[in-house]
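Put the complex together from the two separate chains, hints included.
Listed in order, the protein sequences are those of chains L and E.
Read in order, the letters of the first sequence are residues 309 to 450 in this note's numbering.
Read in order, the letters of the second sequence are residues 34 to 582 in this note's numbering.
A portion of the hints provided could be inaccurate.
Said to hold, decoys possible - Pairwise CB distance ranges, derived in the manner of DEER restraints:
#, chain 1, residue 1, chain 2, residue 2, range
1, L, I420, E, L362, 23 to 33 Å
2, L, R398, E, G393, 43 to 53 Å
3, L, E427, E, L362, 23 to 33 Å
As the list claims (entries may be wrong) - Footprint (simulated), chain L over chain E, 3 or more residues, beta carbon under 8 Å:
#, segment
4, 372-380
5, 413-426
Claimed, not checked - Keeping only pairs whose Cα atoms sit at most 25 Å apart, straight-line, the calculated SDA-like set for lysine to any residue is:
#, chain 1, residue 1, chain 2, residue 2
6, E, K490, E, Q532
7, E, K392, L, S336
8, E, K392, L, Q330
9, E, K414, L, P430
10, E, K414, L, G337
11, E, K487, E, G542
12, L, K435, E, K552
13, E, K552, L, L409
14, E, K414, L, A438
15, L, K435, E, W142
16, E, K360, L, W385
17, E, K475, L, G337
18, L, K414, E, M413
19, E, K392, L, K393
20, L, K414, E, K394
21, E, K45, E, V261
22, E, K44, E, T254
23, L, K414, E, V261
24, L, K414, E, R357
25, L, K414, E, E361
26, E, K394, L, M331
27, L, K414, E, V432
28, E, K475, E, Q579
29, E, K394, L, E334
30, L, K414, E, L395
31, E, K95, E, W142
32, L, K362, L, K393
33, L, K414, E, K475
In case anyone wonders, no lab produced these hints; they're calculated from the structure.
Keep in mind the model is a prediction, meaning the values are calculated, not measured.
C-beta atoms are modelled at their ideal positions from N, C-alpha and C, and glycine is treated no differently.
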Amino acid sequence: MNPKLNCVLVIDDDEPTNFFTQMILEESGCTENIRVLQSGQEALDYLPKSESEKGNTDYPCPDLIFLDINMPAMDGWEFLEEYRKLNVSRKIIVVMLTTSLFPEDKLRATAIPEISGFENKPLTPEKITAVMEKYFTNVPLK
Amino acid sequence: MKNLFKNISIKKRIYWSFSLLVLLFIANGIVTNITLSHNRQLSDRLSKNVDPSLQALDDFKKIMLESKMYTTNWVFLRSNQEDKKMLAKLHEEDYHLLKTRLLGYSSKWESKVWPDSLNLVLNGFEELMKIEKSIMTSLSKFGDYDDPVTKLESERILEEEILPRTRYLMVSLNSIHSHGTRVRDQENVNLDNASMRLRLFIIILGMTIILAGFLLSIYMTKVIIGPVHEIRGIINNLGQGIIQKIDHEANNDEIGKMVQSVNNLSEKLQATATFAREVGLRNFDVPFQPLSDSDSLGKALLAMREDLKSGEENLAIQNRELERKNKELEQFAYVASHDLQEPLRTTSSFADLLQRQYKGKLDERADKYLTYISQASNRMKAFITDLLEYSLIGNKKHVEDVNCNDVLREVIEDLDTAITETGTQITSTSLPRIKGFETEIKHLFQNLIFNSIKFRKVNTAPKIAISASQTNGSWQFAFSDNGIGIAKEHNERIFIIFQRLHTRSQYTGSGIGLSHCKKIVELHKGKIWLESQLGHGATFYFTIPQNNN
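Only chain E is shown next, with the shape it has when bound in the complex (with noise of 0.2 Å):
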């Protein structure tokens, strides 16, 4: 039965509450026309028939004293000719009259017992006209009144029958007409209820329908907007990017096809969404469709999705790519640490072995060009040894806890000769832990550090100050000496691999020491820079940003 209800569209059903409402209205006006209607014949009789049967009893109450009264005065009052007139007409037409009047009336009657009494009492009125009349003809002429015998019969008669008839027949319509005004009584109380039952009714018959309009109201209220709020609510929360459904089974009328659209519409653009989200984790292969032809989102999802895969595809191929040039990378530096030592090698092998078995069994000159030969494959070796270095830094490729401290005591330790021997004082703030390349770390302050003692001014002992602060979320190093310093012009150059700034025979080494630091530094998403002036000290800053992955 409840899921009858629930397959009549909210259409019909208005259309039905409608049709219920004008069907009481109808009915009203039925009952109303029909007890109006009753009324009016009720009123009709009551004036038509009862009041007027009432007024001819009164008549013929009326005629029956007169008849009396005319007859006494027939009897008694001889010379009363205007009298006998008035009996004799009463007689022959006015008794006629009325009894075609009550006649009339008493048929239209409801009740059977009425128009027999009327029947009797007027059967007993013609008796009482037959012995007036035998009166009337005993006495017709003045001289009868003489006889005393024919005057004292009709005494006799007026005394024993007329009178004591006429007072019987008084009796009986008296009864009759007391019936009638009961009659006309009752039919005026049944008047007056009708007229309230009718008034009831139509008070009650409008209650039911303000009523009927009332519930109506709530039940269209409850099946109408509430479903369009908790629509409208969806809707909105779609706005703000919200995707919900509404979960309670819905009726099969146009707000529950509407909430089947909304669902639906819920239904597809979360589908939508989760595709969406499923290209933003670079699940390329999750099915999808577009929702219609006229899907732009869904098509321009369609082709983010290609553009991004072949993105990622092209990615792909450049990382391969990267990564092959990479290893050939290192296998240049395989090449430049084998094949090129190998035949250097020989020659300062060959070069050595020359000068040790020959010196001196030659002249001074082939001495001199082999000690070039062999310094030169000397200088080379120590090249190739260092771009060979240079090339694996950051060959390591996880980050790990670094503890500055530490590497600091052992680069001090690594350089204990050059320290003794030149007298270097090295003093150091507390230095951070960070996060980074051991080894290369440990290289950088090793560099520095010798850089400083190798580039010390003349007839003065180094002095070495390390120190660490921190700055948007990286921590600066700084390396101060008190050595020769660097002219402003060169401080971008000497970090430049094989850059040099003096001869060879003032300081030895490839140049590459401080394109190494620069290099480790910048491994470390860092930035190397130096303050100095030519004569007095330079200091070194990097920085090495604090969260380092």
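Extracted from the complex, chain L is given alone in its bound form (with noise of 0.2 Å):
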């Protein structure tokens, strides 16, 4: 049995995609919480948060990412770059989440070192399992 996750933070501007994907993990119930964000920018923001207000409820740590390419204003890329400045201290796992087929999106994934892993839309209960099984087995959480 997996162990339940504190938090998963789901960075994607679609609205639908979000719904879906948030009915996803609730029926998983793999984890506590889950926190939808619309935008990098919202994100860069959160996660300072949830470091330095430890115990708020509002801001709880997430310990799993699914990060979305393709977003206005500040895209998936662009995040991660700014997500290494934040330098966060604790661990946390970065899975790209995309309906993108395009070969070359997962080949740069795979160069980034933050990135974990790198699902396609739609996220399925199959696919959480696989990730919760590769990513948390085992690993004692806080």
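Written out as structure tokens, the structure is:
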């Protein structure tokens, strides 16, 4: 049995997708909290708060981030640049969740150390299980 | 000195050589003339002086003998009046005439000894004549002979004075004569020698002229003909496009100037040729000036360079344009893969969700609608995926060595499920190694084999035979099956993207498979076609050039 995560962060600008992803995550019951953010900037605002205000239930610390590539203003790649500058102290698994079938995108993702996985939309219960087994088996969580 | 010589023009050299020959001729003429006139003087002296002198001496001898004879007769032949007259005439006329003659000649003689000797003889003879006169006087009358004293005295004078004196004078005269003869002989020898010398001189001079002419002609040949041949060789080579130079030092004469002109021509042609080569190598910035205003070749080259340059620039512009268009196409593929997928995915996700959560809760019709929405969305998704894959064919830039046997084995492994389920038999001859894009070739094999399985006859296990052979520098592959076959009128159409021959309920698929194959074969600069009869299987052929880069 996999441990339950504290929080999963979903970063995607598409509202129906977020609705769907959130629903699948809730159904899987793999996490206590789900936070859905509609842009990279929102996530960049959120992450420091989750660090500094520990215990604040509005900003639970995420263990896993599902990140979309194609977003207005700041895309997934640009977000990762900024994310690296944040120097987040705890280890967060970042999984790209994208519609892109472009092989170059996948190649590019494997070249970035912050990215742990690459999944095509839509998110399914099987994909969640695979991610959980790959990254969170027997890992003690805070 | 040598340099000085090199600076003299050939014209001057010919002029001077000719002048030298003319000078030799003139010298020859002068020397011949002088010698001839000298000889003429010699022979003149002989004929006008020496010979007459000798003649006069002979006459003198004759007069002397006559005077002796007449005087003797005077003494002993009293009545011989004739001889007495002759003696008197000799004394008074003949001797004086002879003396005048002799003195006339002797004054022209070169030697002084000779005239002196002659004068002595003349004086001696004159004394002799005085003595004879004394006899002639004492015996002048007929009766004087009767006087024995006078007669005896006369005989004594004759015996003791006249005869010895005459003898003595004759000896002197003979000596003078023989001296004269010697002189004459010497003069003749001189004349002969002079003639001989003249002949020799003419021969030597003639030979000198011939030799000089010969040497001059050799020299001129060396100076003119040699370089002219060399220049001709260079010009002939120029005619064949071989550009050469004469690299040895040239004289500063007409030929030397010609050599310089030829070298100049070679250099200019070389410059033009170099420029043309550089333009050919697309080095457009090499400096070049036409050789003159009327250098049409140089001007043509410059115009050519400008044309090529602007052509190149246009090509570069078009290339950039093409690259931009390609980028746009890639962008389009990206848009297709992402931006079209996104709403489609949402549609299909929620249709699925709706089906899952509300199936049976609505009416049957609603269930059917949902099924249609779901199916259409999935088909659309497949289209987009196929389209993207199609657009990505040949995205990799480099060809590699592809072992088709390995590719076939991998494809058979990948299609294992389909092959096992349908009981397909695949046979293959040994396939070649080719130059190509491995992923695409694999795709091609996979599509062809999968098509044969897909379009199999009902209740017949598919049989696929694969072979390859060499034709005209290409590998020709054949994929044969025993499937349903294709009517001839569709042979072209099946290679067009999204064209299908069957309804979806008969055979699934987007209809992109064979257009995929065509694009892959064309990417490898090959051709693809098929031979088939409806109901009797099909054979797909394609070619891949052997030296594909």
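- Item | Unmet hints by their number, sorted upward, for this structure | Result: hints 10, 12, 15, 17, 19, 20, 23 and 30 break, sorted rising.
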